[in-house]
Amino acid sequence: MKIDYYEKVFLILGVVMLFSGLGAILISVVGAGAMVPTPAGRVAPGEVRQTAPFDNPGVREISPGKYEAVIVAQIWSFTPNEIRVPAGSEVTFRVASADVIHGFFIENTQINAMIIPGQITEVEQTFDEAGEYLLICHEYCGIGHHNMWGRVVVE
Amino acid sequence: MSSVAVTQSATIDRETSGVFVAEQMWPIRWQLYLMFIALAVGGWMGLGQALERVGVTMESFAGLESYYQGLSIHGVTLALVLTFSFANSLLSLLTIEGFKRPLASTMLLQGSFWFMAAGLGLAAVILLMNQATVLFTFYTPMEANPLFYLAAVFLVVSTWLTLANLVWTYRQWRADNPDERIPLPAYLTLTTYIMWGLASIGIAVEVVVFVLPWSLGIWDSTDPQLNRIFFWFTGHAIVYFWLLPAYVSWYMLIPRQVGARLFSDGLTRLTFLLFLLFSVPTGLHHQYTDPGISGAMKSIHLVLTFVIFFPSLITAFSIMAVLESAGRKAGGKGLFGWIPALPWGNPSVNAQLLAMLVFTLGGATGLINASMTVNLVVHNTAFIPGHFHLTVGTAVALTIMGVCYWMVPYLSGKKLFQPKLALAQGWLWAIGVLTFSRGQISGGLESMPRRTAIGQAAYELPGWELSNWLTAIGGVTMAVSGALFFLVIVGTLFLSKEPTEHTEIPITGEPLHGPRESWTKLDRLGMWTVVAAVLIIFAYLPTLIAYLPAAFNSPGVKVW
Numbered sequence: 001m002k003i004d005y006y007e008k009v010f011l012i013l014g015v016v017m018l019f020s021g022l023g024a025i026l027i028s029v030v031g032a033g034a035m036v037p038t039p040a041g042r043v044a045p046g047e048v049r050q051t052a053p054f055d056n057p058g059v060r061e062i063s064p065g066k067y068e069a070v071i072v073a074q075i076w077s078f079t080p081n082e083i084r085v086p087a088g089s090e091v092t093f094r095v096a097s098a099d100v101i102h103g104f105f106i107e108n109t110q111i112n113a114m115i116i117p118g119q120i121t122e123v124e125q126t127f128d129e130a131g132e133y134l135l136i137c138h139e140y141c142g143i144g145h146h147n148m149w150g151r152v153v154v155e
Numbered sequence: 001m002s003s004v005a006v007t008q009s010a011t012i013d014r015e016t017s018g019v020f021v022a023e024q025m026w027p028i029r030w031q032l033y034l035m036f037i038a039l040a041v042g043g044w045m046g047l048g049q050a051l052e053r054v055g056v057t058m059e060s061f062a063g064l065e066s067y068y069q070g071l072s073i074h075g076v077t078l079a080l081v082l083t084f085s086f087a088n089s090l091l092s093l094l095t096i097e098g099f100k101r102p103l104a105s106t107m108l109l110q111g112s113f114w115f116m117a118a119g120l121g122l123a124a125v126i127l128l129m130n131q132a133t134v135l136f137t138f139y140t141p142m143e144a145n146p147l148f149y150l151a152a153v154f155l156v157v158s159t160w161l162t163l164a165n166l167v168w169t170y171r172q173w174r175a176d177n178p179d180e181r182i183p184l185p186a187y188l189t190l191t192t193y194i195m196w197g198l199a200s201i202g203i204a205v206e207v208v209v210f211v212l213p214w215s216l217g218i219w220d221s222t223d224p225q226l227n228r229i230f231f232w233f234t235g236h237a238i239v240y241f242w243l244l245p246a247y248v249s250w251y252m253l254i255p256r257q258v259g260a261r262l263f264s265d266g267l268t269r270l271t272f273l274l275f276l277l278f279s280v281p282t283g284l285h286h287q288y289t290d291p292g293i294s295g296a297m298k299s300i301h302l303v304l305t306f307v308i309f310f311p312s313l314i315t316a317f318s319i320m321a322v323l324e325s326a327g328r329k330a331g332g333k334g335l336f337g338w339i340p341a342l343p344w345g346n347p348s349v350n351a352q353l354l355a356m357l358v359f360t361l362g363g364a365t366g367l368i369n370a371s372m373t374v375n376l377v378v379h380n381t382a383f384i385p386g387h388f389h390l391t392v393g394t395a396v397a398l399t400i401m402g403v404c405y406w407m408v409p410y411l412s413g414k415k416l417f418q419p420k421l422a423l424a425q426g427w428l429w430a431i432g433v434l435t436f437s438r439g440q441i442s443g444g445l446e447s448m449p450r451r452t453a454i455g456q457a458a459y460e461l462p463g464w465e466l467s468n469w470l471t472a473i474g475g476v477t478m479a480v481s482g483a484l485f486f487l488v489i490v491g492t493l494f495l496s497k498e499p500t501e502h503t504e505i506p507i508t509g510e511p512l513h514g515p516r517e518s519w520t521k522l523d524r525l526g527m528w529t530v531v532a533a534v535l536i537i538f539a540y541l542p543t544l545i546a547y548l549p550a551a552f553n554s555p556g557v558k559v560w
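Chains G and V, in that order, are what the protein sequence lines are.
Going by my numbering, the letters in the first sequence line up with residues 1 to 155, in that order.
Going by my numbering, the letters in the second sequence line up with residues 1 to 560, in that order.
Hint data in this document are derived by calculation from the structure and do not stem from the laboratory.
From the three backbone atoms N, C-alpha and C, an ideal C-beta is built for every residue, glycine too.
Treat the hints with caution; some may be incorrect.
What the hints assert, rightly or not - Once the Cα atoms are required to be at most 20 Å apart in a straight line, the calculated SDA-like pairs of lysine to any residue come out as:
no., chain 1, residue 1, chain 2, residue 2
1, V, K521, V, R174
2, V, K100, V, V167
3, G, K2, V, R261
4, G, K2, V, T503
5, V, K558, G, L18
6, G, K8, V, L313
7, G, K2, V, L512
8, V, K100, V, R174
9, V, K100, V, T503
10, V, K521, V, M297
11, V, K298, G, L18
12, V, K298, G, Q74
Said to hold, decoys possible - A few chain G residues that face chain V, going by a derived Cβ cut-off under 8 Å, partial list only:
no., residue
13, Y5
14, F10
15, L11
16, G31
17, I75
18, S77
19, G118
20, L134
21, Y140
22, V153
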């Protein structure tokens with residue numbers, strides 16, 4: 001099939017660009033540790049509040065500098081809606097929904113995940129800088145969706 | 001109808017050839033009219049959503065119950081009805097033109113129209129009754145009125161009837177022309193619809209097997225993660241079903257409209273074939289942040305998503321080659337002198353050139369979303385609507401309006417009303433969407449969530465005020481542009497007295513490198529469909545197997 005010289009050059013450059021993009025993503029995973037959520041267990045939405053660890057939501061220190069934040073999402077709030085940790089903490093968030101799909105998004109972090117009924121969402125973040133981080137439900141979850149929020153306070 | 005003489009090269013005389021028959025022309029025309037209704041309603045909602053950001057509530061703007069009711073109407077009318085009815089209309093017409101014969105079945109063509117009308121009507125009633133405020137993605141376990149899901153079925157069935165008709169027409173033509181290359185316009189329409197046929201299996205399974213029986217109470221509960229996998233099986237490829245009809249116009253019509261020849265038959269076929277092969281096995285890139293899917297499968301879909309960017313790169317080259325050669329023929333000199341030499345005074349060309357220009361930004365932002373880890377910054381933020389108003393909201397929507405500027409005169413026989421308004425319409429849309437998307441994109445990068453009534457939200461971050469104003473100003477500009485579009489179209493249909501010069505479809509002639517230079521195996525559509533199906537199985541079967549057993553433990557909830 002006839003492909004002209006300029007077209008060939010353009011397409012080769014395009015392929016190089018796409019491979020560079022894939023390479024950059026690989027580096028962000030291997031080098032910088034950027035991670036997307038992966039399967040972390042299941043829990044039926046109707047049983048979330050009776051199932052450990054979601055029967056006792058809150059923040060716990062599991063080893064020095066490492067925290068676990070267990071959060072239940074329901075229309076239209078997070079329980080708890082405030083997480084307090086010292087600066088430098090590595091926090092593992094374990095989140096489950098008691099009803100519909102919600103979002104779990106913390107500004108200025110790499111935390112951006114879906115909370116899907118039936119699934120447990122597990123994401124991690126190290127909070128180096130003190131301050132207040134807004135936590136937002138960023139998936140439409142009903143008429144009060146825009147009132148579903150919380151905060152992470154790093155002291 | 002099989003007695004129609006098939007002429008491959010002679011120009012067609014509309015009156016006597018029997019190629020364009022009246023019983024087939026009215027459903028093609030009326031699909032466009034349905035599209036106008038969808039565009040008017042959906043656009044009106046869009047204006048309300050833009051104004052919501054600066055303090056106007058959807059309740060006061062349109063008397064609706066909530067912002068989200070308006071957003072659901074906006075999504076269903078524009079993402080489903082506008083795009084489907086345009087594809088059904090234009091691609092049916094170009095299949096007739098390509099094969100130089102009527103479609104195989106007038107009944108299927110008319111049926112496609114009636115299903116579209118029924119789907120639109122039913123969806124409108126249920127949405128306006130506030131019985132389906134679930135957005136057009138209808139993620140379970142939010143539960144809408146079952147009739148809403150039935151309306152979605154009707155809309156998809158409408159496209160399936162057109163698909164069946166196109167394939168049937170192809171088979172009739174093939175029987176009469178065993179050794180011919182498939183005419184290029186027909187190759188493009190066929191690959192588009194076959195791709196969609198495969199893609200729509202996901203949503204069909206989701207609705208027919210899981211969601212509809214569950215909403216009728218046959219199943220007590222459902223599995224939201226499984227439903228999402230089936231939804232996004234269709235949900236990414238659907239964007240190519242929105243986009244490819246615009247590409248069909250850029251490849252098959254724009255060259256003639258700007259006065260040049262298409263570059264290469266082979267690469268045009270290859271582009272559409274790649275879309276047929278790779279559109280579907282990319283859907284998981286909408287689910288990078290879902291908890292229930294493994295990182296390995298997400299990564300495979302990431303690579304395949306980058307593959308599907310390649311045919312758009314071919315398109316960028318091919319279309320720019322067409323435009324540059326046209327501009328130079330018209331006297332454009334120097335590196336960029338060919339650009340002002342293009343026929344910007346033709347409203348149909350003007351709108352589509354602007355659509356292409358905006359699409360470069362749409363493609364680039366799309367690649368950002370597809371990049372698995374970068375996506376963590378933008379997923380479900382306002383960046384995403386910023387992106388897709390550049391793609392479906394402009395590359396597609398503005399191309400549709402540009403096509404209407406020859407197609408409505410062609411179908412009605414009436415001269416375009418006030419072409420200068422039509423020119424202004426194109427520019428206003430482009431300026432409006434760039435302002436709107438600038439607002440949404442910056443908002444998204446500053447953590448503003450999408451699909452959220454930001455004007456009423458309980459939280460706000462610095463920088464959002466600028467984002468909100470740009471979104472609102474851009475949205476209002478797009479609405480003014482939309483009003484001009486309807487003025488031109490309604491004026492053409494009801495006020496225009498003169499006959500149009502658009503008495504034929506501006507279909508392009510043989511490309512510079514014609515079909516004799518291209519690979520004949522590209523035409524083996526049956527074989528390629530099987531290859532596409534195998535790729536889909538490879539991309540989705542491991543995901544499904546790893547996911548099973550499903551967990552049907554989410555009861556339906558009405559949350560609005």
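So, going through the hints one by one against the coordinates:
| no. | hint | result |
| --- | --- | --- |
| 1 | K521/V <-> R174/V | 15 Å, holds |
| 2 | K100/V <-> V167/V | 15 Å, holds |
| 3 | K2/G <-> R261/V | 16 Å, holds |
| 4 | K2/G <-> T503/V | 35 Å, violated |
| 5 | K558/V <-> L18/G | 43 Å, violated |
| 6 | K8/G <-> L313/V | 11 Å, holds |
| 7 | K2/G <-> L512/V | 11 Å, holds |
| 8 | K100/V <-> R174/V | 12 Å, holds |
| 9 | K100/V <-> T503/V | 16 Å, holds |
| 10 | K521/V <-> M297/V | 31 Å, violated |
| 11 | K298/V <-> L18/G | 17 Å, holds |
| 12 | K298/V <-> Q74/G | 27 Å, violated |
| 13 | Y5 | 12 Å, violated |
| 14 | F10 | 5 Å, holds |
| 15 | L11 | 7 Å, holds |
| 16 | G31 | 11 Å, violated |
| 17 | I75 | 6 Å, holds |
| 18 | S77 | 10 Å, violated |
| 19 | G118 | 5 Å, holds |
| 20 | L134 | 6 Å, holds |
| 21 | Y140 | 4 Å, holds |
| 22 | V153 | 14 Å, violated |
In terms of the numbered hints stated before, the structure departs from hints 4, 5, 10, 12, 13, 16, 18 and 22, listed from lowest to highest.
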